[in-house]
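Build out the structure end to end from the sequences listed, making use of the hints.
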Amino acid sequence: MGLWSWFARRRKPTPAARRPTFAAAIEPKDHEPLTPEQLADLKAAWAELAEAAKESAATSFHACSRGGKPWQEDPAAVRSMAALLRRVDAEDAATEGLTAT
Numbered sequence: 001m002g003l004w005s006w007f008a009r010r011r012k013p014t015p016a017a018r019r020p021t022f023a024a025a026i027e028p029k030d031h032e033p034l035t036p037e038q039l040a041d042l043k044a045a046w047a048e049l050a051e052a053a054k055e056s057a058a059t060s061f062h063a064c065s066r067g068g069k070p071w072q073e074d075p076a077a078v079r080s081m082a083a084l085l086r087r088v089d090a091e092d093a094a095t096e097g098l099t100a101t
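Residues in the sequence shown are numbered consecutively from 1, following the UniProt record's numbering.
Be careful, since some hints might not be right.
[What the hints assert, rightly or not] Here are the simulated DMTMM-like cross-link-like pairs (lysine to aspartate or glutamate), alpha carbons at most 25 Å apart as the crow flies:
id	residue 1	residue 2
1	K69	E37
2	K43	D92
3	K54	E73
4	K54	D89
5	K54	E91
6	K69	D41
7	K69	E32
8	K54	D92
9	K69	E51
10	K43	E96
11	K69	E48
12	K54	D41
13	K43	E55
14	K54	E32
15	K43	E32
16	K43	D74
17	K54	E96
[Unchecked claim] Ranges between beta-carbon positions, derived for each pair:
id	residue 1	residue 2	range
18	P36	A57	28 to 38 Å
19	E96	P36	21 to 31 Å
20	E37	A94	33 to 43 Å
21	E96	G68	31 to 41 Å
22	D92	A63	18 to 28 Å
23	A44	G67	20 to 30 Å
24	P33	E91	36 to 46 Å
25	E32	D89	14 to 24 Å
26	E96	K69	30 to 40 Å
27	E91	E32	32 to 42 Å
28	E37	T95	35 to 45 Å
None of these hints come from the bench; they were simulated from the model. Everything numeric in this text was worked out from a predicted model, so none of it was measured. In this text, a Cβ means the ideal position worked out from N, Cα and C, and glycines have one as well.
See below:
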């Protein structure tokens, strides 16, 4: 087996074969407008996030969406961000008093 046969086996795949199989899952989907109940839940979740942000020392944050729906429109995701801010703030407060030895 020579060097030429090694290169021949290492041909690049065709463009169709290089496309990820999950590409359809990451393409944006059209979604239905929120119902009044869902909108009220979303507003309450954003109020929780605003309160957590006020209590936190964070000056900004960035989040990305998954599942084809923006995180900003998902009350559970917004509440998760609020919980994350609270948890990070609590962990910082707990470790603030510790000193390195």
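Going through the hints against the structure:
| no. | hint | in the structure |
| --- | --- | --- |
| 1 | K69 <-> E37 | holds (18 Å) |
| 2 | K43 <-> D92 | violated (28 Å) |
| 3 | K54 <-> E73 | holds (21 Å) |
| 4 | K54 <-> D89 | holds (11 Å) |
| 5 | K54 <-> E91 | holds (16 Å) |
| 6 | K69 <-> D41 | holds (16 Å) |
| 7 | K69 <-> E32 | holds (11 Å) |
| 8 | K54 <-> D92 | holds (15 Å) |
| 9 | K69 <-> E51 | holds (24 Å) |
| 10 | K43 <-> E96 | violated (33 Å) |
| 11 | K69 <-> E48 | holds (20 Å) |
| 12 | K54 <-> D41 | holds (20 Å) |
| 13 | K43 <-> E55 | holds (19 Å) |
| 14 | K54 <-> E32 | violated (32 Å) |
| 15 | K43 <-> E32 | holds (17 Å) |
| 16 | K43 <-> D74 | holds (10 Å) |
| 17 | K54 <-> E96 | holds (19 Å) |
| 18 | P36 <-> A57: 28 to 38 Å | holds (35 Å) |
| 19 | E96 <-> P36: 21 to 31 Å | violated (43 Å) |
| 20 | E37 <-> A94: 33 to 43 Å | holds (37 Å) |
| 21 | E96 <-> G68: 31 to 41 Å | holds (40 Å) |
| 22 | D92 <-> A63: 18 to 28 Å | holds (19 Å) |
| 23 | A44 <-> G67: 20 to 30 Å | holds (21 Å) |
| 24 | P33 <-> E91: 36 to 46 Å | holds (38 Å) |
| 25 | E32 <-> D89: 14 to 24 Å | violated (35 Å) |
| 26 | E96 <-> K69: 30 to 40 Å | holds (37 Å) |
| 27 | E91 <-> E32: 32 to 42 Å | holds (38 Å) |
| 28 | E37 <-> T95: 35 to 45 Å | holds (40 Å) |
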